[in-house]
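Visitor: Protein sequences, first through last, are from chains A, B, C and D. Using this note's numbering, read the first sequence as starting at 1 and increasing by one per residue. Using this note's numbering, read the second sequence as starting at 1 and increasing by one per residue. Using this note's numbering, read the third sequence as starting at 1 and increasing by one per residue. Using this note's numbering, read the fourth sequence as starting at 1 and increasing by one per residue.
Because the hints were derived from the structure by calculation, they are not lab data. Quantities reported herein were computed from a predicted structural model and do not represent experimental measurements. Take the hints with a grain of salt, since some may be wrong.
The list treats identical chains as one, so a pair stands whether inside a single copy or across any two.
[Unchecked claim] Derived DMTMM-like pairs (lysine to aspartate or glutamate); straight-line CA-CA distance at most 20 Å:
1) Lys277 - Glu41
2) Lys140 - Glu41
3) Lys25 - Glu337
4) Lys68 - Asp169
5) Lys140 - Asp70
6) Lys68 - Asp191
7) Lys265 - Glu111
Number of protein chains: 4
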Amino acid sequence: MIKVGIIGATGYAGGELVRILAGHKDAQIVWYGSRSYIDREYADIYQNMFQIVEGSCLDDNMEALAEKADVIFTATPQGFCASMISGEMLGRTKVIDLSADFRIKDVPTYEKWYGIEHKSPQFVEEAVYGLCEVNREAVKSARLVANPGCYPTCSFLSVYPLAKEGMIDMSTLIIDAKSGTSGAGRGAKVDNLYCEVNENIKAYGVAGHRHTPEIEEQLGLAANEQVLLNFTPHLVPMNRGILVTAYASLKQNVTYEEVKAVYDKYYDGEKFVRVLKKDICPQTRWVEGSNYVDVNFKIDERTGRIIMMGAMDNLVKGAAGQAVQNMNLMFGLPEDEGLALVPLFP
Amino acid sequence: MIKVGIIGATGYAGGELVRILAGHKDAQIVWYGSRSYIDREYADIYQNMFQIVEGSCLDDNMEALAEKADVIFTATPQGFCASMISGEMLGRTKVIDLSADFRIKDVPTYEKWYGIEHKSPQFVEEAVYGLCEVNREAVKSARLVANPGCYPTCSFLSVYPLAKEGMIDMSTLIIDAKSGTSGAGRGAKVDNLYCEVNENIKAYGVAGHRHTPEIEEQLGLAANEQVLLNFTPHLVPMNRGILVTAYASLKQNVTYEEVKAVYDKYYDGEKFVRVLKKDICPQTRWVEGSNYVDVNFKIDERTGRIIMMGAMDNLVKGAAGQAVQNMNLMFGLPEDEGLALVPLFP
Amino acid sequence: MIKVGIIGATGYAGGELVRILAGHKDAQIVWYGSRSYIDREYADIYQNMFQIVEGSCLDDNMEALAEKADVIFTATPQGFCASMISGEMLGRTKVIDLSADFRIKDVPTYEKWYGIEHKSPQFVEEAVYGLCEVNREAVKSARLVANPGCYPTCSFLSVYPLAKEGMIDMSTLIIDAKSGTSGAGRGAKVDNLYCEVNENIKAYGVAGHRHTPEIEEQLGLAANEQVLLNFTPHLVPMNRGILVTAYASLKQNVTYEEVKAVYDKYYDGEKFVRVLKKDICPQTRWVEGSNYVDVNFKIDERTGRIIMMGAMDNLVKGAAGQAVQNMNLMFGLPEDEGLALVPLFP
Amino acid sequence: MIKVGIIGATGYAGGELVRILAGHKDAQIVWYGSRSYIDREYADIYQNMFQIVEGSCLDDNMEALAEKADVIFTATPQGFCASMISGEMLGRTKVIDLSADFRIKDVPTYEKWYGIEHKSPQFVEEAVYGLCEVNREAVKSARLVANPGCYPTCSFLSVYPLAKEGMIDMSTLIIDAKSGTSGAGRGAKVDNLYCEVNENIKAYGVAGHRHTPEIEEQLGLAANEQVLLNFTPHLVPMNRGILVTAYASLKQNVTYEEVKAVYDKYYDGEKFVRVLKKDICPQTRWVEGSNYVDVNFKIDERTGRIIMMGAMDNLVKGAAGQAVQNMNLMFGLPEDEGLALVPLFP
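When you get a sec, could you build the whole thing from the sequences and use the hints?
Guide: Below you can see the structure in the form of structure tokens.
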């Protein structure tokens with residue numbers, strides 16, 4: 001039984017870790033870290049866990065936790081994990097960081113986009129970018145995994161096969177993304193009040209969202225060239241889900257079948273990536289509560305562009321589910337252990 | 001492996017049966033009955049099931065199905081099951097009817113409220129009202145189970161302990177219920193369009209909703225007296241969930257602890273009924289996607305009344321989950337097999 | 001041109017005052033009071049008012065404002081208006097208080113339910129309870145109007161004719177109310193975040209909500225007897241709207257026509273109260289953005305009860321619209337000036 | 001008093017015409033055409049209009065209507081207006097067609113994208129594309145106005161100044177649009193049921209939506225070159241609102257101030273187009289219920305692209321509001337008569 005500690009257990013991603021791990025037969029949570037709710041029963045905060053989860057919230061003392069846990073999930077604001085981690089800690093326990101601290105290999109880029117100094121640059125190289133579909137082998141032996149961001153996961157997996165195969169002109173890539181509101185976190189802010197989000201859609205972070213360099217770095221690795229792209233996130237009045245609509249010019253004329261074959265080449269054996277049938281557009285409702293990413297594409301012969309689409313639950317494949325998928329790999333368990341979550345509809 | 005057939009597999013309750021049974025290790029669906037979508041792949045209709053469920057939709061030939069299935073779920077409009085069922089069929093297969101056909105023991109009452117002739121009154125007495133928490137033993141040996149209605153399940157379980165113990169004046173009972181929109185079904189009606197339901201709340205079926213006699217009959221059996229009550233359902237802009245707020249006069253002064261002890265007496269061993277802590281009101285978000293009913297109460301000394309509350313997912317405990325719970329009992333399986341569904345939040 | 005000052009102009013009720021007064025041809029806002037946003041342009045906070053409203057936010061100095069304004073609206077937390085008001089101020093300007101400070105004539109009752117000391121009990125008797133349909137003449141000559149609460153307005157108007165005519169047993173009255181989330185205000189609280197409210201319904205303040213004594217006092221005046229009732233509010237995932245479902249025993253058998261005649265007697269000349277046709281249930285969507293209250297009733301012969309229903313926009317007739325209606329009366333304007341707001345659907 | 005007839009008065013766009021005209025002091029509706037609800041009182045269908053609108057629904061006999069009305073609004077499916085219109089009719093009455101029949105000047109393009117034969121190509125040239133901000137003078141003298149589509153209105157106005165001034169490379173233009181569900185109409189379809197739309201976002205009509213050629217034609221006229229672009233609409237779980245996010249490469253480096261000056265040049269005198277302040281992104285909540293289009297832009301120096309954004313109420317400026325704006329121009333009234341609608345928030 002893997003002993004799991006969670007720092008940030010009462011945020012939405014933390015809560016989702018608790019939900020998923022409650023159904024994981026080889027893992028046991030030993031630490032519900034939550035600075036805001038110390039000493040309160042966890043199930044008093046997340047009443048869905050009443051009579052399912054026992055235990056009260058503890059502080060965010062990651063060092064003490066490292067002595068108890070086989071693996072620590074940090075579902076914390078950027079900067080926290082980098083400021084706490086140490087070689088000694090990594091000698092004792094594995095760390096899966098759900099924040100951005102170790103996602104970007106280029107430290108100055110991290111520091112510029114996040115506006116903070118990186119406190120542990122010495123671990124950046126070691127950290128494995130935990131997108132299992134791409135870095136599966138590296139994850140298996142990792143001590144420190146940087147769990148990918150929600151937007152980058154969905155954006156990357158929608159575009160990856162064509163970037164990797166060099167079929168699209170990467171300089172024309174535009175990613176227009178839409179997210180449910182749980183992605184904004186559980187902090188008490190006026191902007192995230194029900195009446196502010198409901199009956200509204202807006203773009204935010206236009207030409208400046210922090211997930212941009214992460215997407216660019218990963219797609220750059222795939223395409224083997226430097227990538228600059230436009231990424232525009234939007235806030236949608238729903239709880240969960242990310243939809244990505246990406247546009248790029250095709251380098252040459254291709255048929256549906258040719259492109260389909262490329263997607264299949266990369267995703268045929270992937271349990272959590274579903275390449276939909278022809279002309280079926282991904283929709284967030286079909287993946288809600290599950291670890292699936294649904295992807296598909298449409299060729300527009302008139303403009304010579306291809307529209308790539310992906311849908312995903314931002315809290316599962318975009319956060320907690322992917323983190324558990326990484327944990328499974330790191331501990332030699334079946335990759336889908338605890339993740340056989342059937343999407344909930346309606 | 002239990003062979004399961006579903007008639008009405010593409011309605012919301014049918015879809016939920018498919019979702020739950022996809023995670024049930026001792027059951028296998030052999031028939032996706034759907035008159036509207038014959039020959040279409042099931043996962044083309046419910047895309048959440050893509051790569052999870054194989055198989056195409058078949059017709060609603062219950063007789064043919066009875067030769068293949070160990071159990072048939074009828075998630076159909078009222079009248080269908082009663083018009084199809086036969087002694088021969090019940091000799092071959094078990095039937096769990098999610099419609100109202102066999103819920104009400106008094107056939108004239110059924111015919112009056114539903115406005116149709118009952119085609120199989122001869123099976124009404126045999127049919128077991130499948131509220132497991134009350135009729136567990138009878139369900140185990142039943143051939144025909146009448147799966148309770150969504151409103152009746154939540155209403156009954158909220159009020160049951162006090163009715164049974166004679167603590168409330170049943171003639172004063174008023175049940176004000178609120179339901180998400182999946183309860184209205186998947187039929188294409190203007191009234192259920194997004195723009196008609198969103199940003200709106202309304203009462204409907206005031207003083208005439210068909211679930212009224214079902215609630216009255218069951219609470220009458222519990223209280224051992226004839227019960228007439230007011231039941232008012234409301235339509236709420238959300239997908240899932242029923243909330244019941246029930247009011248009754250207490251027969252005499254009681255303390256919180258006394259009432260709590262009564263609830264505990266009936267529900268302590270019940271896995272799917274959670275009696276919440278003092279002053280915590282049930283909320284539908286804490287049970288979404290799960291088979292739980294959360295109940296609690298509040299004594300109002302000023303008026304001498306008690307307010308009883310319950311929250312439930314109408315598609316799970318209010319339909320498909322309870323149906324699977326019944327199936328488990330009928331086949332000697334653990335009652336919660338396939339029902340360890342952790343509520344999804346947010 | 002009436003000079004209007006608003007204290008609390010950036011809350012939802014304050015914002016609605018600004019919206020309504022923007023279309024009022026005889027009023028002009030001279031003071032946008034908002035402690036949180038001093039010196040910021042009002043239209044920067046409420047972008048809907050961009051290029052419609054000029055002016056920046058000022059503080060909540062009600063004394064200074066009293067020298068500039070013909071009327072002050074206080075859309076502030078309870079206690080504020082009572083702590084600021086003075087005879088000198090009332091000599092200079094009229095005050096319409098949207099808080100609870102002057103609604104309840106019995107000061108100890110106010111202090112008990114609101115848990116604060118009343119700072120200006122000397123003005124309680126003078127204050128007119130601003131329910132125009134009942135106190136029209138008194139409002140016309142008032143210096144200080146207590147604008148009714150949202151729940152009390154809708155509850156009272158739904159029940160009033162039958163209470164006044166003595167047709168219902170007031171001791172059996174139960175009011176089950178449902179409100180959109182704007183009623184919870186614009187404060188940054190976790191409980192009011194989008195993801196906490198969406199896909200959820202809950203009761204709150206059960207047997208203890210502060211609007212209870214206000215409803216009891218007003219219905220007591222109408223019925224000419226002391227009234228104790230159950231009032232249970234619920235939070236609904238929508239922006240605007242209150243729906244009231246009220247239950248009471250009829251004192252004797254009555255027909256639909258008899259009850260309808262009673263409602264018509266009180267509301268026939270009332271522009272903002274619409275008695276719906278037989279069997280049409282009030283719905284919040286039909287009044288959104290308007291000053292209407294839609295009411296109707298249903299007799300349940302089986303139980304001898306009558307179900308009274310009302311629907312209203314909590315920010316308009318439940319707050320800002322009613323406040324402007326009061327202002328119109330106080331200044332001798334047509335009662336519906338600026339209030340010819342057609343409900344917005346969908 | 002202008003006598004107005006509406007064909008299609010019980011669809012959402014028709015209903016919005018009724019709402020707006022109810023507050024228009026120089027217009028009077030004489031014909032509520034609705035094939036589905038003939039002889040039923042209009043306010044029985046749209047209960048928000050109870051006691052506001054008198055009159056029952058009539059059929060869709062446009063010829064008979066032409067003898068009674070000064071102007072006819074056809075809020076009907078494509079093909080209807082083209083099949084009914086005649087020179088004789090246009091000699092008697094003005095026609096504002098809210099369908100696509102007369103929007104596209106190139107008839108074969110219309111026939112290809114809409115898949116129907118055009119029944120009145122002889123009126124296509126005469127018809128004025130009713131985007132008042134661009135074709136104001138032509139509208140004033142028009143007998144037949146083609147009211148622009150919802151997506152085209154918002155897309156065009158967001159991009160127009162830069163297209164007109166030749167600042168962007170039109171071959172790189174990508175328009176990613178998001179719409180509330182009222183745009184899908186009031187037809188009873190499973191896809192538009194509450195539970196199918198709620199908690200979901202999806203793209204639809206990818207690379208094939210019928211509004212594409214309309215946008216291309218109008219932007220082509222502005223840019224004075226042929227335009228081919230990608231247009232992708234998405235369905236958002238909200239009632240009203242369209243948000244457009246458009247991407248294009250800048251032809252040369254420009255500053256914020258330079259671009260702002262261009263937007264101001266075209267929109268400074270336009271009452272219904274609001275160019276927002278720097279870095280403020282348009283949001284649909286700020287325009288709900290009003291005739292405003294809010295536009296803004298963001299230069300991304302990293303990629304050399306500009307992101308152009310617009311937000312609008314699809315039923316007002318995207319349909320009924322713009323139609324009334326056109327009517328006002330055609331009858332010599334102030335352009336904003338009846339359109340001083342303050343956006344409703346929350």
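Visitor: Does each hint fit the structure? Answer for all of them.
Guide: Hints, one by one, checked against the model:
no.	hint	in the structure
1	Lys277 - Glu41	between (46 Å within a copy, 12 Å between copies)
2	Lys140 - Glu41	neither (34 Å within a copy, 37 Å between copies)
3	Lys25 - Glu337	both (8 Å within a copy, 15 Å between copies)
4	Lys68 - Asp169	neither (49 Å within a copy, 55 Å between copies)
5	Lys140 - Asp70	within (15 Å within a copy, 44 Å between copies)
6	Lys68 - Asp191	neither (38 Å within a copy, 33 Å between copies)
7	Lys265 - Glu111	neither (36 Å within a copy, 39 Å between copies)
The structure fails hints 2, 4, 6, 7 (numbered hints given earlier, in ascending order).
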